[in-house]
Amino acid sequence: MIDDRALVHKILEGDIQAFRHLISQHERLVVHMIGRLVKSQEEKEELCQDVFLKVHEKLGEFSFQSRLSTWIATIAYRHAINHLRKKKMFFSEIPEEKNFTSSFVELENPESVVTEKDMDAFIFKLIDELPPQYKAVLTLYHIEDMTYPEICEVLSMQEGTVKNYLFRARNLLKEKVKKYLGKEELL
Amino acid sequence: MNNNEEDLQRNIESGVANNADDLDVKAYEEVFARLRKKPNERLSVGFADIVIVRIQQRQQHNASRDFIWLALGVFLLTISLIVATVLSGFKPSFAFLKGMSAYAGVLAFGIVFILLLNRLEKKLLTKSD
Numbered sequence: 750m751i752d753d754r755a756l757v758h759k760i761l762e763g764d765i766q767a768f769r770h771l772i773s774q775h776e777r778l779v780v781h782m783i784g785r786l787v788k789s790q791e792e793k794e795e796l797c798q799d800v801f802l803k804v805h806e807k808l809g810e811f812s813f814q815s816r817l818s819t820w821i822a823t824i825a826y827r828h829a830i831n832h833l834r835k836k837k838m839f840f841s842e843i844p845e846e847k848n849f850t851s852s853f854v855e856l857e858n859p860e861s862v863v864t865e866k867d868m869d870a871f872i873f874k875l876i877d878e879l880p881p882q883y884k885a886v887l888t889l890y891h892i893e894d895m896t897y898p899e900i901c902e903v904l905s906m907q908e909g910t911v912k913n914y915l916f917r918a919r920n921l922l923k924e925k926v927k928k929y930l931g932k933e934e935l936l
Numbered sequence: 025m026n027n028n029e030e031d032l033q034r035n036i037e038s039g040v041a042n043n044a045d046d047l048d049v050k051a052y053e054e055v056f057a058r059l060r061k062k063p064n065e066r067l068s069v070g071f072a073d074i075v076i077v078r079i080q081q082r083q084q085h086n087a088s089r090d091f092i093w094l095a096l097g098v099f100l101l102t103i104s105l106i107v108a109t110v111l112s113g114f115k116p117s118f119a120f121l122k123g124m125s126a127y128a129g130v131l132a133f134g135i136v137f138i139l140l141l142n143r144l145e146k147k148l149l150t151k152s153d
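Top to bottom, those sequences are chains A and B. All residue numbers for the first sequence refer to the numbering used here, where the first residue is 750 and numbers rise by one. All residue numbers for the second sequence refer to the numbering used here, where the first residue is 25 and numbers rise by one.
Calculated pairs, DSS-like style, for lysine-lysine (alpha carbon to alpha carbon, straight line, at most 25 angstroms):
id	chain 1	residue 1	chain 2	residue 2
1	A	Lys884	B	Lys50
2	A	Lys793	A	Lys836
3	A	Lys884	A	Lys793
4	A	Lys874	A	Lys836
5	A	Lys759	B	Lys147
6	B	Lys146	A	Lys807
7	B	Lys62	A	Lys927
8	B	Lys50	A	Lys927
9	A	Lys793	A	Lys835
10	A	Lys788	A	Lys836
11	B	Lys61	A	Lys912
12	A	Lys884	A	Lys788
13	B	Lys147	A	Lys807
14	A	Lys788	B	Lys62
15	B	Lys50	B	Lys61
16	A	Lys927	A	Lys884
17	A	Lys874	B	Lys61
18	B	Lys62	A	Lys884
19	A	Lys912	B	Lys50
20	B	Lys146	A	Lys759
21	A	Lys884	A	Lys874
22	B	Lys50	A	Lys928
23	B	Lys50	B	Lys62
24	A	Lys788	B	Lys61
25	A	Lys803	A	Lys884
26	A	Lys884	A	Lys835
27	A	Lys793	B	Lys61
28	A	Lys788	A	Lys803
29	A	Lys807	A	Lys835
30	A	Lys836	A	Lys884
31	A	Lys793	A	Lys874
32	A	Lys912	B	Lys62
33	B	Lys61	A	Lys927
34	B	Lys62	A	Lys793
35	A	Lys884	B	Lys61
36	A	Lys874	A	Lys927
37	B	Lys62	A	Lys874
38	A	Lys788	A	Lys835
Think of the hints as simulated: they come from the structure by calculation, not from any bench.
Construct the complete structure from the given sequences, taking the supplied hints into account.
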């Protein structure tokens with residue numbers, strides 16, 4: 750396995766096969782980041798391509814202050830967020846905790862009622878309904894196994910904020926699942 | 025943050041035994057199990073090829089754009105030179121070359137020296153990378 754420094758050096762020298770290697774190493778990370786924030790398969794694919802184009806364009810500016818994967822995740826996150834902003838899709842500050850928590854937990858989503866039989870689909874659907882910042886934190890922490898400082902760097906957030914979002918996101922999901930489990934126990 | 029909830033999340037995450045009958049614990053266990061599952065997101069089979077084709081197209085586009093700018097710059101400079109020469113009535117004289125021919129050795133040394141310096145600089149820059 751080629752280390753990051755050697756790989757970057759080869760790419761900067763114009764080795765296109767080395768860039769192909771970089772894509773295969775990091776495409777899952779990029780698709781996880783983009784996939785959690787953008788739903789359309791077509792847009793997802795195009796955004797992932799754009800991320801790698803940007804990585805190729807900016808690689809000369811990468812200074813090895815962090816892991817290459819952290820830097821690529823940062824580009825992917827910013828690109829997805831810019832896309833959401835351009836499309837004027839829901840992307841704002843996290844809604845006020847009390848209101849959002851109660852509406853999230855109480856909301857009876859007809860689609861979720863259909864899929865509740867399948868706990869996997871039910872919980873994945875719930876994750877989709879979370880604000881983008883929560884989804885990004887959950888993905889980086891649970892799927893990509895990133896440390897708090899790495900997540901802070903990717904999302905440009907304070908460590909306290911990252912921990913708070915992680916706690917709140919998991920708590921929201923738990924409350925909704927608990928409600929469902931409670932119903933199931935009554936049956 | 026609620027401290028009990030925080031402890032509960034920490035315990036479940038680290039696999040510390042909790043009261044399995046507790047609905048909160050059950051719900052958290054379900055949530056954590058799904059959070060750890062890798063999403064089934066896939067890109068098209070030729071994804072890397074498409075990216076590389078787009079990079080090559082962009083490089084070609086940039087190269088032709090640079091060439092157009094260079095050609096335009098050379099063209100404008102030539103026009104400016106002609107206009108300036110005509111307006112000022114300047115007559116070029118190459119008499120200085122005669123004077124320089126007496127120092128051909130110094131000139132040759134200068135050219136070789138600059139080329140060597142350039143080569144040395146490139147080598148040093150590559151090493152410091």
